[in-house]
Amino acid sequence: MTASEPAMNAPLLEAGQLAVNIGGHRVCHDLNWRIDAGESWAILGRNGAGKSTLLATLAGLRPQHRGRLSIAGLALPHASAGAGARAIARVRGYLSQHQIDPFASTVMETVLVGRHPHLGRWDWESAEDRRIAGAALNEVDLGGFAEREVQTLSGGERQRLAIAQLLGQEPQLFLLDEPLTHLDLSHQVAVMELLTRRATEGAAIVAVLHDPGFAARYCRQALLLFGNGEWLAGRADEVITATNMTRLYGHPLRELCADGNRWFVPC
Amino acid sequence: MPTRRRALLVLAVLVGLALLSLLVALAAGSLPVSAGDVLCALSGEQGGLAVEVIRGLRLPRALAAFACGGLLALAGALMQVLLRNPLADPYVLGISGGAAVGALSAMLAGLTLALMNLAAFAGALAAMLLVFGLAHGDSSWTRSRLLLTGVIVAAGCGAVVALILSIAPDDGLRGMLFWLMGDLGQATSPWPALVVLTLGLLVTLPFARELNLLARGDTLAQALGVSVGSVKHGIYLVASTLTAVAVTTAGSIGFIGLVVPHLVRLAMIRLGWGNDQRLLLPASALAGGSLLVLADTLARTVIAPQQLPVGVLTALLGVPVFLFLLGRQPNDRQ
Chain A
1 MTASEPAMNA PLLEAGQLAV NIGGHRVCHD LNWRIDAGES WAILGRNGAG
51 KSTLLATLAG LRPQHRGRLS IAGLALPHAS AGAGARAIAR VRGYLSQHQI
101 DPFASTVMET VLVGRHPHLG RWDWESAEDR RIAGAALNEV DLGGFAEREV
151 QTLSGGERQR LAIAQLLGQE PQLFLLDEPL THLDLSHQVA VMELLTRRAT
201 EGAAIVAVLH DPGFAARYCR QALLLFGNGE WLAGRADEVI TATNMTRLYG
251 HPLRELCADG NRWFVPC
Chain B
1001 MPTRRRALLV LAVLVGLALL SLLVALAAGS LPVSAGDVLC ALSGEQGGLA
1051 VEVIRGLRLP RALAAFACGG LLALAGALMQ VLLRNPLADP YVLGISGGAA
1101 VGALSAMLAG LTLALMNLAA FAGALAAMLL VFGLAHGDSS WTRSRLLLTG
1151 VIVAAGCGAV VALILSIAPD DGLRGMLFWL MGDLGQATSP WPALVVLTLG
1201 LLVTLPFARE LNLLARGDTL AQALGVSVGS VKHGIYLVAS TLTAVAVTTA
1251 GSIGFIGLVV PHLVRLAMIR LGWGNDQRLL LPASALAGGS LLVLADTLAR
1301 TVIAPQQLPV GVLTALLGVP VFLFLLGRQP NDRQ
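Protein chains in written order, with this note's numbering: chain A, 1 to 267; chain B, 1001 to 1334.
Just chain B, with the same shape it has in the complex:
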C-alpha cells in the first residue's frame, strides 16, 4: 500500500489531469475559441459569442461529463468490493435497467425532459429497492443471492426496454437509443451530479480501510472488527445512489464503471501498492471523470457537426486499451 504522502501526490497529479481535460473540453469544438476566450469565460467577464458558447454550453456539459464519469467509476469500485469480484460494474445489479425503463416510458408518454429525469431516477431507485428487498428477504445476505437477484431484475428491465423500443413511434426511437447508449447532450445541469459525487467521496473515504478488509472476505473483516453487515448495506446504498444519479444525468454510459477502477487497480498493483481503497476510490473518481470529459469532447467533435453518443466512444476506446493492458500484465507476478 502507498504511504499517505505518495497517495496525496498521486491524487494531486490526477487533479491536474482533470483540470487539463476540462480545459481541452472548453477549447475544442466546431466554433474555434482562443485561450483568452476560455480565461474570459472562466473569470466571468463579458465577451463575445465564443465566451457565451464556452460558458453556456461547453462548461456545463464538461462538468456534467466529469461528474458522471466520477460517479460511475466510484460506484464501480464500490461494487467490485461489495461483490468481491473485479468484473462487477455499477449496472450489474439492475440500476441502469430500472432507470432505462423509467426514462423510456417517460419518452414514450411524451413527457418533458425534467419529468423524464425524474422518471429515470424513480426507476433506478425502484430497481435498487427491489433488488435490496428481494436479496434481503432472509438474513443470509449472500453475495450470490444479491448478484442473482440483480441480474434477474436487469434482465426483466431489458425486456421492458425492448418492448418500449418495439412499440415506440419512429421519430422517438433516436432519442431513446441515445439515452440507452449514454449521451451528455441531454444533461441539463451538472450541479446535482457534482454534489452527489462529492458527498459520495466524503461518505465512503472514512470507511476505505474497512473496505480493504471486506475485499479480503467477510470473516476476516468481521474478525478484525468491521461491522460487516452495516458496511455492506451502506456500500450497496451509496453505490446504487451514485449510479442512479449518473444514469439520470446522462443515460447509461457503459464501460467507465467497469474499466476505470480496474485500470487504476492495475496501475497500483504495478507500483506495488496493491488494492488500497484509500487511494483507489478518489483516484478512480478523478480518472473516471477526466476520461469521460475527454471521451465526450471527442464524441462531439470527431464527426462534427454530428454528435456521437459518448457511450459508444467509451466502449470503442476502452476495449482495445483494456485488452492491451491486460495482455501486457505478466503472468508470473513475482
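Isolated chain A, as found in the complex:
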C-alpha cells in the first residue's frame, strides 16, 4: 500500500543511499540525509558541482539515479506522478533559479499562482487567497506592487516576487535554488531573515547559497558537495570551516570574525 497523503510524523525529507547523476557527472552517492521541521540547511559547492541538480531531485522534479527519497513520508519519484504531485506541492515549495514571463501578467496574479495546490479543480482564488498573497508581497517588500506588470520589474524585484509566490504556497519544506540571486545586500539579509523565521516557526529550509558567510550566519546546518560525488553534512559551525571551504572551492579562503559572525574571504 502506498500512502497518497503526507504523514504528519514523518521527516519532511529523507534520503537513503541516494545517488544523483547528471550527464555522466556524479553529483552525490550514498547520501543519507534527514531534514526535520525547524532545520535550516545551506547547500554549498562550486559551479557545476550539482547543487541545483540535487535540489531538483529532492523536490521530485527529476528522478534519482538510485536510492530512497521521500517527502513527508511520500516516496519519490512514484508519489510525484499524477494526483500525488498536488499533495507534495502542498508540503514542499521549490524556488527555481530562473523566472520566466512569456506572457504579460500582474504581480498579484503571479503570487496567486502559488495558491494552485490548495485550490480545487473548479475553485477560483478567494478573498482569503488574495489576503495570503498580499501578506506575502508585504513580507518581501513589494507591498505597493500588486498591480504592476511583471515584465517591468527589475531583476531583484522579480526574484523577491518569486519568493513571495513561494511564501503564498505555504509549504513546510522550502527548497530554494539561489534565493539571493539579483538581490542587493539589504534584501539578501531581509530574505534570509524571513526564511529562517519560517524555520523557527516549524518549517524547514534548504537553500543553495554561494556565500559561506551567509550560510554560517543564517543556516544551522550545511551540506557540502565536493563535485566528485563526495558530500559532507552536519552542523554549520562544524562543517563550514576555512579548511573545508578551501577544499570545497579549490581556492585558499581565510576566516574572519566580526561581531560574532564568521566571514570567508579569498586569500
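Just to be clear, a hint being listed does not mean it is correct.
Residues from chain B shown here face chain A by an in silico Cβ test under 7 Å; the list is partial [stated by the list, open to error]:
| # | residue |
| --- | --- |
| 1 | Arg1084 |
| 2 | Ser1189 |
| 3 | Ala1223 |
Just some of the chain A residues that point at chain B, by a computed CB distance under 10 Å [to be verified]:
| # | residue |
| --- | --- |
| 4 | Gly93 |
| 5 | Asp101 |
| 6 | Thr106 |
| 7 | Glu109 |
| 8 | Ser186 |
| 9 | Ala190 |
Bear in mind the hints are in silico, worked out from the structure with no lab data behind them.
Just so you know, even glycine gets a beta-carbon here, dropped at the ideal spot from N, CA and C.
With chain A held as given, fit chain B onto it using these hints.
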C-alpha cells in the same frame, strides 16, 4: 485575474454578441428577408422562399462558420500555451498542411465531397501523428523539437500542395484555391464541428488553471503539482483534433487562430486580468465564432452574387485591426 462573477459576466456578453452575429448572418444576403421570416425559420414554422433560404442555406452555413471560428480560436489559444509563444497558431505544427494534401489529392482524383472531407481529416490526423511521433522520438519532449518538427512537416506538405496545384487541370484549380484560402461554401453540416467545439471546451476548461501555470514554465508548473507531461500531450492532441475538424469543415481559414486569442488576451491585460485561461479559452471560442460568422456574411454579400473565400476577408480585416491595437499598446505598462 478576473473574479468568477466578472468572468461569467464577460462570457454572457460574448454569448449575446454571438447570437447577434448569427442573426445578422441570417438576415443579410442577396435575397431580402424580414424579421418575421427569420423568426418563422427559427421557430420551425412553414413559410415562403425566404424562410427556406434562411433555414436551408444561411443557418447551417452561419452555424458552421461559428463552429469553425470557435474551433480555430480555441486551438490557437491552446497552441500558444503549449509552445509558450504568443505567435503560435493552430497551423504552426503542420495540421492544415496535412489536411490540404488530403483534400487536394481527393479533388485531383475527382472524389465526392464526402470523400474529400474524409481525406482532409485523414491528412490532418496523419500530419498530427507524424509530428507527435517524430517530436516524441526520445523522452525529451522539448518545445523547440516539437516546433521544428511541425514546421518541417508543414513545409513538406506545402511542397506537395504546390505539386498538386501545378499538375491539376485548370477547371479544378479554382476549387482547390478556395479550399486553401478557406471557404464556408463547401461546409456540408455544421453539427460535427459544433459538437467537437463543445467537447473541446468541456475537456479543456477543467484544466484551465493548470494551463495558466504551464504558460509560466514547465518547472514552475511541475513544482506546483501539475503533471506537466500528460497535460502537454493532452493539449497537443485536443488542439490538433480541433484544428483538424475545423479545416475539414471549411478549409484552412487563416488568421482567426492567431489573432482572436491574441486580441482577447490583449483586452484582458488592458483590464488588468492577465493571461487567465479560465476566461481566455471560452472567450476566444465565442469571439472567434462570432468573428467568422460576420466575416463569412461579408464574404458572401460584399460583391454578391459572387462569393469571396472567407479566409481572404479574415486576413484583410484582421491585419489592420491587429496592427492598430498592437500600436496603441503602451510601451511602459505600469
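Tested hints:
1. Arg1084: Since the shortest Cβ distance to chain A is 5 Å, the answer is holds.
2. Ser1189: 33 Å, violated
3. Ala1223: 4 Å, holds
4. Gly93: Because about 7 Å separates Gly93/A from the closest Cβ in chain B, which is inside the 10 Å limit, the hint holds.
5. Asp101: 7 Å, holds
6. Thr106: Status holds, d = 6 Å.
7. Glu109: 4 Å, holds
8. Ser186: 24 Å, violated
9. Ala190: Violated, about 23 Å.
In summary, the structure is inconsistent with hints 2, 8, 9 from the numbered list given earlier, while agreeing with the others.
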